[in-house]
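Peer 1: If you want the building blocks of each chain, they are given just below.
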Amino acid sequence: MQHTESNPMQPEPWRVSELARETADTFTLSLQPLGRKTHREFQPGQFSMLWMFGVGELPISISGDPAAEGKLTYTVRSVGEATKALVSVAPGQQIGVRGPFGKGWPVESARGQDVLVIAGGIGLAPLRPVIYHVLRHREEYGRLVLLYGARNPRDLLYRKELAAWGKQKDCQVLSTVDYAGMNWRGHVGVVTRLLRYARLQPLQTVAMMCGPEIMMRVVGRELINRGLPAESIHLSMERNMKCAVGFCGHCQWGPHFICKDGPVFSYQDIAPLLDKYEL
Amino acid sequence: MHTLETIIADHPMFAGLEASFIDLAVGCASNVRIEPNAYITREGEESNQMFLIREGRVALEIHAPARKPLVIETLGPGDIIGWSWLVPPHFWRFNARAINSTRVIALDAKCLRTKCEANHELGYEILKRFAPIIERRLEATRLQLLDVYAAH
Chain G
1 MQHTESNPMQ PEPWRVSELA RETADTFTLS LQPLGRKTHR EFQPGQFSML WMFGVGELPI
61 SISGDPAAEG KLTYTVRSVG EATKALVSVA PGQQIGVRGP FGKGWPVESA RGQDVLVIAG
121 GIGLAPLRPV IYHVLRHREE YGRLVLLYGA RNPRDLLYRK ELAAWGKQKD CQVLSTVDYA
181 GMNWRGHVGV VTRLLRYARL QPLQTVAMMC GPEIMMRVVG RELINRGLPA ESIHLSMERN
241 MKCAVGFCGH CQWGPHFICK DGPVFSYQDI APLLDKYEL
Chain X
1 MHTLETIIAD HPMFAGLEAS FIDLAVGCAS NVRIEPNAYI TREGEESNQM FLIREGRVAL
61 EIHAPARKPL VIETLGPGDI IGWSWLVPPH FWRFNARAIN STRVIALDAK CLRTKCEANH
121 ELGYEILKRF APIIERRLEA TRLQLLDVYA AH
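Residue numbers (my numbering), protein chains in the order written: chain G, 1 to 279; chain X, 1 to 152.
Calculated directly from the structure, the hints in this document are not laboratory data.
A portion of the hints provided could be inaccurate.
[Unchecked claim] Selected chain X positions facing chain G (Cβ under 7 Å, derived; list incomplete):
(1) Gly44
(2) Ile99
(3) Gln144
[Stated by the list, open to error] Counterexamples of contact, computed for chain G against chain X with all Cβ distances above 12 Å:
(4) Leu34
(5) Gly112
(6) Gly186
(7) Met237
(8) Gln268
Source: prediction; values computed, not measured.
From the three backbone atoms N, C-alpha and C, an ideal C-beta is built for every residue, glycine too.
Assemble the whole structure, with the sequences as input and the hints as a guide.
Peer 2: Below you can see the structure in the form of structure tokens.
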């Protein structure tokens, strides 16, 4: 859904209501509206442009529950000056918000099917709304399988929720890390290795994945090998988004603008681009 | 009832193999239970067995001086432990430790190598089944090497 009710280029002030540390460098912040609007709908997979006054603007995926009224939630990893500023905010501080923007995950067309969510690192953040949505409409979907990879056990996001989701009916949640010490009793290895434990019916499954591009490239190939049709595989891409409405061209990727044609794409439509060098 | 024949024939490593080849493998096999935290292989030791995991989880570890041991991969049901038994001079290249109570089929590597040498069709079938495993693990190792989740 595009942001059409007001000028999409004009940020609206929102107030930081909560800031929670997820890992050493990743935080989840919740915002509440200051203007006349008390609620802003979004589709799982959409993103906002967050404006830190005096610092700059960043595209950040919405990581909260789509059904939560009067609140927008984002999970941000501090990797540069702007994100460092964003995770240094204090409750009560104001942030400018534009959006939500972009095409989200195909949660509507996935009804009646099993949902396979594959996430790597911070890539779990844009997929969390899908999980909330499926769990909220449990009877409308088949099995929910979440395969999640992180660098090490300390970098796993939403650990309490992972444990809780795994206990839900018809849910399978598996996490793995690239490296671990001797005390870690979970899986170690890249996220593709978890696919052998996933209880899936390939022709009745919709896969949604987000993570480092090379991870998605490898996972996409592996899903095809396991019999998932290319049109049932979806992934979220990331590029340097500026205007967020397809004007500026900063996020152009081949023939696509990530901000308005994506960030979620069908693997069928973009698989050849994933193999192109320096695109 | 699960016999050694059915267990081996059902394991992904041997699934679909001719019955006569399964019989040859069974002649080299035994059922083994491994206690939690016990080491199944140790780096540098002679690789006289290969293992088919039936239950449990196994950590592959590497040790480096002045560093804590690092778990680089975990294996589970349907996986195999090691191909050092196939590659001369047949020494383990890593430690394998049972994370929890683990059940494996241990195959006597010398016995299996002898049978593969005597019956090249069996040897080729075994190699065809190991090659994709090695390829998948090599790709996984390359991805780990890229450290894709690090802040670049």
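Peer 1: Could you let me know if the closest chain X CB is still more than 12 Å away from the CB of G/Gln268?
Peer 2: For G/Gln268, whose nearest Cβ neighbour in chain X is about 23 Å away, the distance exceeds 12 Å, so it holds.
Peer 1: Are all C-beta atoms of chain X more than 12 Å from that of G/Met237?
Peer 2: Consistent with the label, G/Met237 stays out of reach of chain X, its closest Cβ about 15 Å off (over 12 Å).
Peer 1: Please confirm whether G/Gly186 is truly not at the interface, meaning its C-beta sits more than 12 Å away from all C-beta atoms of chain X.
Peer 2: Since the minimum Cβ distance to chain X is about 8 Å, G/Gly186 lies within 12 Å and the statement is violated.
Peer 1: Does the claim that G/Gly112 lies outside the interface with chain X hold up, using a Cβ gap greater than 12 Å?
Peer 2: holds, 30 Å
Peer 1: Would the hint on X/Ile99 be counted as holding, given a Cβ-Cβ threshold of 7 Å to chain G?
Peer 2: Hint holds; X/Ile99 Cβ to chain G Cβ min 6 Å, cut 7 Å.
Peer 1: Would G/Leu34 pass as off the interface with chain X, using Cβ distances and a cut of 12 Å?
Peer 2: Non-interface label on G/Leu34 holds, nearest chain X Cβ at 32 Å vs cutoff 12 Å.
Peer 1: Close enough to count: is the Cβ of X/Gln144 nearer than 7 Å to one in chain G?
Peer 2: holds, 5 Å
Peer 1: Please verify that hint: X/Gly44, Cβ, nearest Cβ of chain G, below 7 Å or not.
Peer 2: violated, 19 Å
Hints 1, 6 from the earlier list are contradicted by this structure; the remaining hints agree with it.
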